[in-house]
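Protein chains: 2
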Amino acid sequence: MQLMHDVAALRRVVRDWQHSGQRVALVPTMGNLHDGHLSLVESAAVQAERVVVSVFVNPLQFGEGEDFDAYPRTLEDDCRRLDGRGADLVFAPGVDAMYPGGTGAATRVEPPAALVDTLCGRSRPGHFTGVATVVAKLFNLVGPDIAVFGRKDFQQLQVIRRMALDLNFPVQVHGCPIVREADGLAMSSRNAYLEPDERRRAPALYRALGVLVNAVRQGGRDVAALESRARAELEGAGLEPDYVSLRRPEDLAPPRGGERQLVVLGAARLGRTRLIDNIEFELTDGGSW
Amino acid sequence: MQLMHDVAALRRVVRDWQHSGQRVALVPTMGNLHDGHLSLVESAAVQAERVVVSVFVNPLQFGEGEDFDAYPRTLEDDCRRLDGRGADLVFAPGVDAMYPGGTGAATRVEPPAALVDTLCGRSRPGHFTGVATVVAKLFNLVGPDIAVFGRKDFQQLQVIRRMALDLNFPVQVHGCPIVREADGLAMSSRNAYLEPDERRRAPALYRALGVLVNAVRQGGRDVAALESRARAELEGAGLEPDYVSLRRPEDLAPPRGGERQLVVLGAARLGRTRLIDNIEFELTDGGSW
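These protein sequence lines are chains A and B, in that order.
For the first sequence, my numbering assigns the number 290 to the last residue and increments by one with no breaks.
For the second sequence, my numbering assigns the number 290 to the last residue and increments by one with no breaks.
Treat the hints as calculated values from the structure; they're not laboratory data.
Among the clues, some could well be false.
Stated by the list, open to error - Example chain B residues on the side facing chain A (calculated, C-beta under 7 Å, incomplete):
1. H20
2. R24
3. V96
4. G102
5. R109
6. V110
7. E111
8. L168
Unchecked claim - From the derived model, a few chain B residues whose C-beta atoms are all more than 10 Å from chain A:
9. L4
10. R12
11. T108
12. K138
13. G221
14. G258
Claimed, not checked - Output of the computed footprint for chain A on chain B, the stretches with three or more beta carbons under 8 Å from beta carbons of chain A:
15. 113-126
16. 139-151
17. 155-167
18. 237-248
Glycine is no exception: its CB is placed at the ideal position from the N, C-alpha and C atoms.
Generate coordinates for the entire structure from the input sequences, incorporating the hints supplied.
Right under this line is the structure:
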């Protein structure tokens, strides 16, 4: 497994692979890799002959007062964890290579408002513009055939899918299932911020979403009441809910009738940590919304 | 010379060229080709082994009340004109291929405000976002090594240069000199809208810019007075000036002192036609702004 910081060298290697008929999958990460990331890498290795993992903590997707400075940088550990898991190359560019024109007043990739002025976008203004912009940059720098993202960041996945479609990127976007701890907590680099007591309470988010899913499966259709109950459960467990929302997966709009595929998404604060999670589900037995 | 409408077929051909070590230059056009376009194609053929000319009238860069419907579509003539001039492939996609997610609420490429909230951007809101978005799409569809644009659309060229830099596109952006009619009028597809009498008056735009350049070369530094005189000259010739502005070429900001490279840009209406032009110049003999 190679570690590269230089863009020109990276492009040469990737181009050589592609010229010899090998497909290249990119797994964009901000480092601090956990088993969730490793599952993305393993999925990438199944879909393509070559796997590039990028490690870059993107300043543009952090808002003021967010944890950009505190975000854990653990490149050596990350490389150790990746070794033997199917990654061929770790691309860890500096800020100058990623933002040759500076991070200030530069060209941005702006996702459609309907996808970003909702859910996490409401409390993180500019976040998804930062995500879409850096992913476009990584697509241009690496030139992958496939890009693999986790479904835990479901809104992010839909923003990126839409960007790849709308801007005609020749990249197939693939979303991988959420990897959870034994008690249900979705794996996340930010879980490292949790104090022991918070860590014990954190699975309440997944539990509250699961209760809502079961209620809908059993015919519950009063969205406001279901969401409100979920928020109350989170508060009862000592979490400060940001949102719990039932949506259509494809456009993140509330269900309007007739939907069979649904997703419930939730975000909550626990101390200084912001947790997100979601459950995608299908209404079976001929049921629909 | 091949004519292609299909994206997958185009990508195969371009990829084959690049795999065999040939560089590919893209000349994006809206068709209705004149000698100015042909000079772009000839320049592209000097810089790359293969030349793709795209022909697409991009709805996204036309504002309400602008000439999207009237814009001349002359694909057969365009292909005839291109034959033997160095183009290997004409790519003429349909709106569906260019906008697979629709032209409505889709992901946009947003250039920095300082480059677009000025000059033509003031009277054409959204225009440069439409340009940047469609050029990003063409870069992704064609995958060129080089892209060639005319310097007549100087603000557009700077927006695209900045986009390629900011989004790390692996594309070298090249600007070609303005091609003029014998009387100085910059060639443009929109010149076809001019009535005979308007056509006779149209070179006044280039003349007024030239007078301003000479005045600056001779030490004139009162920008407001120089611009105001140029506008008066345009009005005297029966044109309705939109702007005449002296700027720094790299960021389109007004000169602040010390500049040696300058550009004067102008736009004016003549009947139903909007004309633009510019002159780039250098202050010689040790002079600067």
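Checked hints:
The interface hint given for B:H20 is met, as the beta carbon of that residue sits about 5 Å from the closest beta carbon of chain A, less than 7 Å. Restraint check, B:R24 versus chain A: the minimum CB separation of about 13 Å is more than 7 Å; hint violated. Among the interface hints, the one on B:V96 is violated; its C-beta lies about 13 Å from the nearest C-beta in chain A, farther than the 7 Å criterion. Because the smallest distance between the Cβ of B:G102 and any Cβ of chain A comes to about 5 Å, under 7 Å, the interface hint for this residue holds.
A distance limit of 7 Å between C-beta atoms decides the matter here; for B:R109 the minimum to chain A is near 5 Å, and the interface restraint holds. Hint status for B:V110 relative to chain A: holds, with the closest Cβ pair at about 6 Å, below 7 Å. Proximity of B:E111 to chain A holds as hinted, the smallest CB-CB distance being about 5 Å (cut-off 7 Å). Interface hint at B:L168: satisfied, since its Cβ lies 5 Å from the closest Cβ of chain A, which is below the 7 Å cut-off.
Separation of B:L4 from chain A is adequate, the least Cβ-Cβ distance of about 20 Å exceeding the 10 Å criterion. Non-interface call for B:R12 relative to chain A: violated, since the shortest CB-CB distance, roughly 7 Å, does not exceed 10 Å. Some Cβ of chain A comes within 10 Å of the Cβ of B:T108; the nearest lies about 4 Å off, and the non-interface call is violated. The Cβ of B:K138 does not lie farther than 10 Å from every Cβ of chain A; its closest approach is about 5 Å, which violates its non-interface assignment.
For B:G221, the shortest C-beta to C-beta distance to chain A comes to about 31 Å, beyond the 10 Å cut-off, and the non-interface label holds. The non-interface label for B:G258 is consistent with chain A: the shortest C-beta to C-beta separation is roughly 21 Å, beyond 10 Å. Only residues whose beta carbon comes within less than 8 Å of a beta carbon in chain A count, and the stretch 113-126 of chain B has 3; three or more means the coverage holds. For the stretch 139-151 of chain B, the proposed coverage by chain A is satisfied: 3 residues have a C-beta within less than 8 Å of a C-beta in that chain, meeting the threshold of three.
A stretch counts as covered by a chain when three or more of its residues have a beta carbon under 8 Å from one of that chain; for the stretch 155-167 of chain B and chain A the count is 4, and the coverage holds. Figure legend: the stretch 237-248 of chain B, annotated as covered by chain A; annotation inconsistent (0 residues with Cβ-Cβ distances under 8 Å, at least 3 required).
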